[in-house]
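Spelled out from the first residue to the last, the chains are:
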Amino acid sequence: MNKYTERIYNGLIKENPSMVLMLGMCPTLAVTTSAKNGLGMGLSTLVVLIASNVIISMMRKIIPNEVRLPAEIVIVASLVTIVELATQAYLPGLYKSLGIFIPLIVVNCIILGRAEAYALKNPPLLSAFDGLGMGLGFTFALTILGIIRELLGAGTVFGIQILPASVSPVAIFVKAPGAFIVLAFMVAIMNAIGMKTRANKMVEGCDGCCASCNSACSKKEEV
Amino acid sequence: MSLMLIIVTTALVNNVVLSQFLGICSFLGVSKNVKTSASLGAAVIFVMTIASAVASFIYDLILVPLDLDYLKTIVFILVIAALVQIVEMFLKKSSPAIYEALGIFLPLITTNCAVLGVALTNVQDGYNFIQSVTAGFGTACGYTLSIILLAGIREHMDEDSVPGPFKGAPLVLISAALMAIAFMGFSGLAI
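Listed in order, the protein sequences are those of chains A and B.
Residue numbering for the first sequence follows the working numbering, beginning at 183 and increasing consecutively.
Residue numbering for the second sequence follows the working numbering, beginning at -4 and increasing consecutively.
Think of the hints as simulated: they come from the structure by calculation, not from any bench.
Bear in mind that the values here come from a model prediction, so they are computed numbers and not experimental data.
Do not take every clue at face value.
As a list, the in silico BS3-like pairs of lysine-lysine whose alpha-carbon atoms are at most 30 Å apart [as the list claims (entries may be wrong)]: (1) K87/B x K378/A; (2) K88/B x K378/A; (3) K196/A x K27/B; (4) K87/B x K196/A; (5) K87/B x K357/A; (6) K196/A x K218/A; (7) K88/B x K357/A.
Distance ranges between label pairs, derived from CB positions [what the hints assert, rightly or not]: (8) E188/A x A77/B: 37 to 45 Å; (9) I282/A x S89/B: 29 to 37 Å; (10) T338/A x H151/B: 23 to 31 Å; (11) K87/B x P274/A: 42 to 50 Å.
Covered stretches of chain B, as calculated for chain A (at least 3 residues, CB under 8 Å) [to be verified]: (12) 71 to 82; (13) 114 to 123; (14) 127 to 139.
Every residue, glycine too, gets a C-beta built ideally from N, C-alpha and C.
Next comes chain A alone, as it looks inside the complex (with noise of 0.2 Å):
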């Protein structure tokens, strides 16, 4: 396996940023409704990695140390705007669905975490593989829970009728407490077989999310 293919291995399966770090889990939980959303959620996600982890590695040498996150941060939001803007133009349906979880992407930990922890670190090319990577593996998440949660709450998958009419679908498993559920059970079937997962950690604070938590973390220990 070549370093290309590693990194998507990596984001895909090793370190799958929902299932295995727990990372970005509001857009997670909140658009994983169908799996419709959470395949659009998923790629809109996937374009604005790929993307900052190209920019923002091929100006690894120029941004100062001091100032990396507002830079990061800046050039992350401008990449949100244009797939917003997109989205808008050309998906209506998908942007009035997925709601203000579009603009959020800026604030998604995987996107700032991978520009910390990777493209800083690394070329371009590089960069952009394990932006692929990250993406598919954040896209294959969304989309799985998006499917169960149709599929137990509507009887649907992508809109297409799966379960029989004569089996009524749990209709909480489409609303909000739903997410929750079939998260806590998808964890709970990983801790079951053994599969290492941050999920744990972060319950536990101090392992939540992004560059800032762990910089606010640091902090809480010295105290």
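Given chain A, put chain B in place with the hints provided.
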């Protein structure tokens, strides 16, 4: 729409964590005990109210007249990040006691999607300045309420015997789900 209605809607009916899914990271991460979550809640109320005011002010007076409202995401995130820094420096100088209590949470709030989310929602709903401040305050109260409630539940869960795989994160998520079901009851209050 009366201001009281905005507070009830943002704090209970559309609870920011349990029905909008904003700020999940800190909701799950900083809810181990009631005291810490209460101070995080206080910090969020403080920052979110100010951030809503500043964002609404900038949007109405600068972005809209200049026809730049498509830049709102970039402007809001920078304004919020800068604002948190200023608030942190100001508190450090003027009231060290409050800084001691809230200080460690302030950087965490910068990337809390709830703050940016509220600023963007206010604009989307076409709220004026007063309504935006009220909505920011109401949302933050809803956040504080739910994180304190979850912390209260988690403090009592330590001694309970749960099936092995459900220990830790799954149990917290299930508690959050049950809270979300309870909060769905408030949707009857919506107009």
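Structure-based check of each hint:
no.	hint	verdict
1	K87/B x K378/A	violated, 40 Å
2	K88/B x K378/A	violated, 44 Å
3	K196/A x K27/B	holds, 29 Å
4	K87/B x K196/A	violated, 42 Å
5	K87/B x K357/A	violated, 42 Å
6	K196/A x K218/A	holds, 25 Å
7	K88/B x K357/A	violated, 45 Å
8	E188/A x A77/B: 37 to 45 Å	holds, 39 Å
9	I282/A x S89/B: 29 to 37 Å	holds, 34 Å
10	T338/A x H151/B: 23 to 31 Å	violated, 39 Å
11	K87/B x P274/A: 42 to 50 Å	holds, 47 Å
12	71 to 82	holds (count 3)
13	114 to 123	holds (count 3)
14	127 to 139	violated (count 0)
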